[in-house]
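**Q** Given these sequences and hints, build the entire structure.
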Amino acid sequence: MPDALMAAAALVLLATIAGLVRVLRGPSLVDRIMAAQLLGTGGIAALLLAGVATATPAFVDAALVLALLAAFATVAMARAAPRRDDAP
Amino acid sequence: MTILVDAASLLAILVGLLFFAAGTAGLLRFPDAPSRLHALTKADHLGLGFIVLGLLPRAEAVGGATRLIAVWVLVLLSSAVAGPLLARLARRR
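Residue numbers (numbering that gives the first Met the number 0), protein chains in the order written: chain V, 0 to 87; chain A, 0 to 92.
I should point out that these hints are in silico values taken from the structure, not numbers from a laboratory.
For clarity, every value in this text was computed on a predicted model and none was experimentally measured.
Built from N, CA and C at the ideal position, the CB exists for glycine as well.
Any given hint could be a false lead.
What the hints assert, rightly or not - Quick partial rundown of chain A residues pointing at chain V, CB under 7 Å, derived from the structure:
id: 1; residue: V4
id: 2; residue: I12
id: 3; residue: D43
id: 4; residue: V70
id: 5; residue: V74
**A** Listed below in structure tokens is the structure:
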């Protein structure tokens, strides 16, 4: 069972890395912000799975901190976006 | 009994992985920014919810079920705040 959970964590990380392609390709700024938010959600899922797999409570605390930081980062990026600018 | 709980937990985690992969595929393949926002906030968070649901039986080892559910509720609330912000930004540009 812990091996299956670790494999699931690796798969979530793979999906997250695949989603990061949107950061490179995204035609606008919003797509890049959304891909960064995907990194937050995917990182939380992988941290939770790895934490239960190794029975370490610290992983869940790290996932909590990552959730908070991702929220702040998304709001900060959305607020700092240039208005009516053509450069993404 | 433990076998049943383990199987249900694994099934929930698999469904969560499926939803997560579908949400990421939507983020990559949808035609415009608002629909990508839909894929990101709905499918990915549902996948996270299923993963948390699957991890609940084993939650005593990592400090209790309340912590796992709190992580999920926090992610939901933060994306409920950030979603309209991003949608407004997408519409403005």
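**Q** Look at each hint and say if it fits the structure.
**A** To see whether the hints hold, each was checked on the structure:
With a least beta-carbon distance of about 11 Å to chain V, the hint placing A/V4 at the interface is violated under the 7 Å criterion. The beta carbon of A/I12 comes within 5 Å of a beta carbon in chain V, closer than 7 Å, and the hint placing it at the interface holds. Using the Cβ-Cβ criterion of 7 Å, the hint placing A/D43 at the interface with chain V is satisfied: the shortest such distance is roughly 5 Å. At a threshold of 7 Å, the smallest CB-CB gap from A/V70 to chain V is about 5 Å, leaving the interface hint in force.
Hint status for A/V74 relative to chain V: holds, with the closest Cβ pair at about 5 Å, below 7 Å.
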